[in-house]
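Chemist: Plus 26 on top of the position in the sequence shown (first one is 1) and you've got the working numbering.
Any given hint could turn out to be false.
[Unchecked claim] Pairs of lysine-lysine residues, derived as DSS-like cross-links and limited to a Cα-Cα distance of at most 27 Å, are as follows:
id, residue 1, residue 2
1, Lys-99, Lys-84
2, Lys-90, Lys-75
3, Lys-90, Lys-77
4, Lys-64, Lys-77
5, Lys-75, Lys-110
6, Lys-99, Lys-77
7, Lys-110, Lys-100
8, Lys-83, Lys-64
9, Lys-110, Lys-136
10, Lys-90, Lys-110
11, Lys-156, Lys-110
12, Lys-45, Lys-136
13, Lys-143, Lys-64
14, Lys-110, Lys-99
15, Lys-90, Lys-64
16, Lys-64, Lys-75
17, Lys-64, Lys-84
18, Lys-158, Lys-99
19, Lys-83, Lys-99
20, Lys-100, Lys-84
21, Lys-96, Lys-83
22, Lys-84, Lys-158
23, Lys-100, Lys-90
24, Lys-64, Lys-99
25, Lys-83, Lys-100
26, Lys-110, Lys-96
27, Lys-45, Lys-83
28, Lys-64, Lys-96
29, Lys-143, Lys-100
Please keep in mind that the hints were generated in silico from the structure rather than gathered at the bench.
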Amino acid sequence: MKTIFPDISYFFDNGIYFKCNLCGLCCTGEPGIIYVSKNEIIQIALFQKMKISYFIKKYLYPYKDSYSIKEDKKGSCLFFSSQKGCLIYPVRPIQCNTFPFWLENLRSLKNWQNISKRCPGIGYGDFYSKEKIIEIVGMSF
Numbered sequence: 027m028k029t030i031f032p033d034i035s036y037f038f039d040n041g042i043y044f045k046c047n048l049c050g051l052c053c054t055g056e057p058g059i060i061y062v063s064k065n066e067i068i069q070i071a072l073f074q075k076m077k078i079s080y081f082i083k084k085y086l087y088p089y090k091d092s093y094s095i096k097e098d099k100k101g102s103c104l105f106f107s108s109q110k111g112c113l114i115y116p117v118r119p120i121q122c123n124t125f126p127f128w129l130e131n132l133r134s135l136k137n138w139q140n141i142s143k144r145c146p147g148i149g150y151g152d153f154y155s156k157e158k159i160i161e162i163v164g165m166s167f
């Protein structure tokens, strides 16, 4: 990884508290890319009990070297239900699994403060050390 190294000082050197409360705010609202790898496509299709070709056609669109999950007109992930939450939670993509510990959110304290306004789980719950945060960021590369 080019940007985050364990021996560099970051605003999260003393760790961060975070606990997902399953509110779905990261799954809804503004549109974005929900990248899925080829392996994740297979896992989600199997979980949904669908043929991979049908799953791709119905739920994905081409993006770079793989696909992105389609969103509804409001920018919400097609797998998010306001009543049930994430419908693919056990096999959700790594991008979803690692939120809010994305490189773009951790580049600066200002970015982290901005995402904290949207994510009520930041600042509460489980403690994540600097090393654990760097490990999580590394999962995305």
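Chemist: Holds or violated: Lys-64 with Lys-84, Cα cutoff 27 Å?
Modeler: 16 Å, holds
Chemist: Quick one, are Lys-90 and Lys-110 close enough, alpha carbons at most 27 Å?
Modeler: Measuring from Cα to Cα gives roughly 30 Å; hence the hint is violated.
Chemist: Quick one, are Lys-75 and Lys-110 close enough, alpha carbons at most 27 Å?
Modeler: 18 Å, holds
Chemist: Can the restraint linking Lys-64 and Lys-75 be considered satisfied, given a maximum Cα separation of 27 Å?
Modeler: Measuring from Cα to Cα gives roughly 16 Å; hence the hint holds.
Chemist: Would you check the hint for Lys-96 and Lys-83, treating anything up to 27 Å between C-alpha atoms as holding?
Modeler: Within the cut-off at roughly 10 Å; holds.
Chemist: Is Lys-64 within 27 Å of Lys-77, Cα to Cα?
Modeler: 14 Å, holds
Chemist: For Lys-158 and Lys-99, compute the direct alpha-carbon distance and say whether it is at most 27 Å.
Modeler: Violated, at about 36 Å.
Chemist: Given the hint that Lys-100 pairs with Lys-90, test it: the Cα-Cα distance must not exceed 27 Å.
Modeler: 23 Å, holds
Chemist: For the pair we were handed, Lys-110 and Lys-96, check the Cα-Cα distance against 27 Å.
Modeler: 18 Å, holds
Chemist: For the pair supplied as a hint, Lys-110 and Lys-99, confirm whether the alpha-carbon distance does not exceed 27 Å.
Modeler: Status holds; Cα separation ~19 Å.
Chemist: For the pair we were handed, Lys-110 and Lys-100, check the Cα-Cα distance against 27 Å.
Modeler: 18 Å, holds
Chemist: Regarding the pair Lys-83 and Lys-100, is the alpha-carbon distance no greater than 27 Å?
Modeler: 20 Å, holds
Figure legend: structure checked against the earlier numbered hints; hints not met, in rising order: 9, 10, 11, 13, 18, 22 and 27.
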